[in-house]
Amino acid sequence: MSLIPKKGTIYVVDDDEAVRDSLQWLLEGKDYRVRCFDSAESFLARYDPREVACLIVDIRMGGMTGLELQDRLIERNSPLPIVFITGHGDVPMAVNTMKKGALDFIQKPFNEDELVPLVERMLDHAREAFTGHQQAASRDALLSKLTGRESQVLERIVAGRLNKQIADDLGISIKTVEAHRANIMEKLNANTVADLLKIALGPTAKA
1 MSLIPKKGTI YVVDDDEAVR DSLQWLLEGK DYRVRCFDSA ESFLARYDPR EVACLIVDIR
61 MGGMTGLELQ DRLIERNSPL PIVFITGHGD VPMAVNTMKK GALDFIQKPF NEDELVPLVE
121 RMLDHAREAF TGHQQAASRD ALLSKLTGRE SQVLERIVAG RLNKQIADDL GISIKTVEAH
181 RANIMEKLNA NTVADLLKIA LGPTAKA
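Just so we're aligned: 108 in this note's numbering is position 108 of the sequence shown, and the numbers increase by one with no gaps anywhere.
Hints are supplied without guarantee of correctness; some may be wrong.
[What the hints assert, rightly or not] Ranges of calculated distance between the beta carbons of each label pair, as one might list FRET restraints:
1. G171 - D124: 47 to 55 Å
2. L143 - Q24: 38 to 46 Å
3. E128 - L26: 23 to 31 Å
Just so you know, these hints were derived from the structure itself, not from any lab.
Positions of the beta carbon are idealized from the N, C-alpha and C atoms, including for glycine.
Sequences and hints are given; from them, build the entire structure.
And the structure:
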């Protein structure tokens, strides 16, 4: 089982070298792993969505802007938490980015007392997304073990259908339904119907 990294990676994307250096010095001094990029394009070429990470990005850059980068990540269904760097005149624009899912924005110059807690909050979100991804992958791996018929039976179990009703639905005998149920329980490592519901419906299912 994969362990969730205690820290994580902080991506910094800004075309201003002084800003990148300042953020890297500040965050590495707090024992974070920092990876800096001078453009949104170079970041996208290296970004690994499987990594526990967060993104600090400037709104205004040459080439692809931070706003355009956010849109690209949204299109990819990326879970990457984002915080924008802004100048004073960019605040209304930054607020608009939050409506699209950005966690916050920070103004230059950076305040260490505000930045570090914000980074921790971003990484908390990243760890939650990592956990959700791991749970979904585990669930998908279990469900992939089922045959087509077993999947049909499971759908009806989840819908609350009784064995006789499932047999009538699928045109098979009750004994065949019982055999499929037993196979499903074994393949999904489930001991009860509640266990089946949790796997079939995902981590939000209630017992």
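TODO: Return the numbers of the hints above that this structure violates; sort them in rising order.
DONE: none
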